[in-house]
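Asker: Each chain is listed here by its residues.
Protein chains: 2
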Amino acid sequence: MVESNSDEILRDAQSEDVAFLVVGDPFGATTHTDLVLRARELSIPIQAIPNASIMSAIGACGLQLYNFGQTVSMVFFLDNWRPASFYDRIKENRSIGLHTLVLLDIKVKEQSLENMARGRRIYEPPRYMTVGQCAQQMLEIEEEKKEGVYGPKSLAIGAARVGGRTEKFVAGTLQQLCDADGLLGPPLHSLVLLGSRAHELERDYARDFAMDKDVWDRAWSEQYGK
Amino acid sequence: MVESNSDEILRDAQSEDVAFLVVGDPFGATTHTDLVLRARELSIPIQAIPNASIMSAIGACGLQLYNFGQTVSMVFFLDNWRPASFYDRIKENRSIGLHTLVLLDIKVKEQSLENMARGRRIYEPPRYMTVGQCAQQMLEIEEEKKEGVYGPKSLAIGAARVGGRTEKFVAGTLQQLCDADGLLGPPLHSLVLLGSRAHELERDYARDFAMDKDVWDRAWSEQYGK
Chain A
1 MVESNSDEIL RDAQSEDVAF LVVGDPFGAT THTDLVLRAR ELSIPIQAIP NASIMSAIGA
61 CGLQLYNFGQ TVSMVFFLDN WRPASFYDRI KENRSIGLHT LVLLDIKVKE QSLENMARGR
121 RIYEPPRYMT VGQCAQQMLE IEEEKKEGVY GPKSLAIGAA RVGGRTEKFV AGTLQQLCDA
181 DGLLGPPLHS LVLLGSRAHE LERDYARDFA MDKDVWDRAW SEQYGK
Chain B
1 MVESNSDEIL RDAQSEDVAF LVVGDPFGAT THTDLVLRAR ELSIPIQAIP NASIMSAIGA
61 CGLQLYNFGQ TVSMVFFLDN WRPASFYDRI KENRSIGLHT LVLLDIKVKE QSLENMARGR
121 RIYEPPRYMT VGQCAQQMLE IEEEKKEGVY GPKSLAIGAA RVGGRTEKFV AGTLQQLCDA
181 DGLLGPPLHS LVLLGSRAHE LERDYARDFA MDKDVWDRAW SEQYGK
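If you read the sequences in order, they're chains A and B. Take the first sequence: its position 193, counting from 1, is numbered 193 in the UniProt record's numbering, and each next residue is one higher. Take the second sequence: its position 59, counting from 1, is numbered 59 in the UniProt record's numbering, and each next residue is one higher.
If you are wondering where the hints come from, they were derived from the structure by calculation, not from laboratory data. None of the values given here were measured: they were computed from a predicted structure. Please note that the accuracy of each hint is not assured.
When chains are identical, the list treats them as one kind, so a pair holds in a single copy or across two.
Unchecked claim - List of simulated lysine to any residue pairs, SDA-like, C-alpha gap at most 20 Å:
#	residue 1	residue 2
1	Lys107	Arg120
2	Lys109	Glu167
3	Lys91	Glu41
4	Lys213	Ile141
5	Lys91	Tyr66
6	Lys109	Arg127
7	Lys168	Pro83
8	Lys146	Gly163
9	Lys145	Arg197
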């Protein structure tokens, strides 16, 4: 993990060039900003090279990038831990009509409680949240909070392997997307919740990805483009 | 221009592979979405390859990408044409504490009125809006509208040639940035207006780019991180 190894990464950087490769854009995560701050403290000059990122590549779903509000993250809920800060952020975005990109949890290098307790470095298989799991958790929280930020009939687009050769988009209501994992296929997944200010060009583009075009058209005419 | 040449671009695409290269991410602009829609009508399969984009590369200024609201565009004002729709968009972003990326106008292949009238294909030299011009126009519109969306003391970051070897950031108040073009150097420029919910990590990172660290600290403590 970068967080715990930044000293190691920067150790020889005073005297030689050190390159650090990341997935996506280097400044998509706070972690890397922190690494630069540490380099500055040590007077180590840095140069960052931008890369394609889900933050911009998501435009391939047909929703215009300049109509997105803040990006939120969704983590795997546990029985006694269901962090819902995403809900208020989505509420803010929707209050001004904007789309929301939801980035989904990735669990790698997880240890079981037993292995952790015994100090065994045995890790569980990696887990990647799916669009179906995300849509389900979103609806659970709306059910709890009942502020009407979104609902089972709200339109969204599920995205899988964006930018890859097998990139796939599936559009539908949140209710429909709960069952879209089979259509979407393997990870990584992301989800975009439509903002009410969505434009007709966006509607037409995304409609092509709709699980059921009649459902899409009906939900659109009831709630969007106003 | 893509808008007028999409038929030409798609002409032979039924029978052979056609590649279309763009600056930045292909879906950063509505134009390219439109091109895909036309390809679909002709049943031409497409594959888009994502690229680094100012929409994500701007993270190098130290402000976190997930704290950005909608992106706005600023065009060159004319004596009788000062489109200010950006103002309401920024107002929305600021109402929920978010940063705003402002993309600056580029004028290429412009004709003088005389050359246009005479049908002469003679073009003016390209013009690229600078951070100074943008900050000036923003303050003019606030002066007109007086809704207090931002002001001369609001903090912002000017960005030049983002992602290039000579990338440069200059941070300061909008008033200061009116005179930052010399520091920033040649185009392309962009500007980011800070949201009130800016985090201390963002403050520290961007402070390094400040024209005057005392001014930066004072403006911050008065208006931000609350």
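Asker: Each hint: holds or not?
Answerer: Now the hints, each set against the structure:
no. : hint             : in the structure
1   : Lys107 to Arg120 : within (18 Å within a copy, 62 Å between copies)
2   : Lys109 to Glu167 : neither (26 Å within a copy, 36 Å between copies)
3   : Lys91 to Glu41   : neither (38 Å within a copy, 36 Å between copies)
4   : Lys213 to Ile141 : neither (27 Å within a copy, 43 Å between copies)
5   : Lys91 to Tyr66   : both (18 Å within a copy, 15 Å between copies)
6   : Lys109 to Arg127 : within (10 Å within a copy, 51 Å between copies)
7   : Lys168 to Pro83  : neither (28 Å within a copy, 38 Å between copies)
8   : Lys146 to Gly163 : neither (36 Å within a copy, 44 Å between copies)
9   : Lys145 to Arg197 : neither (24 Å within a copy, 24 Å between copies)
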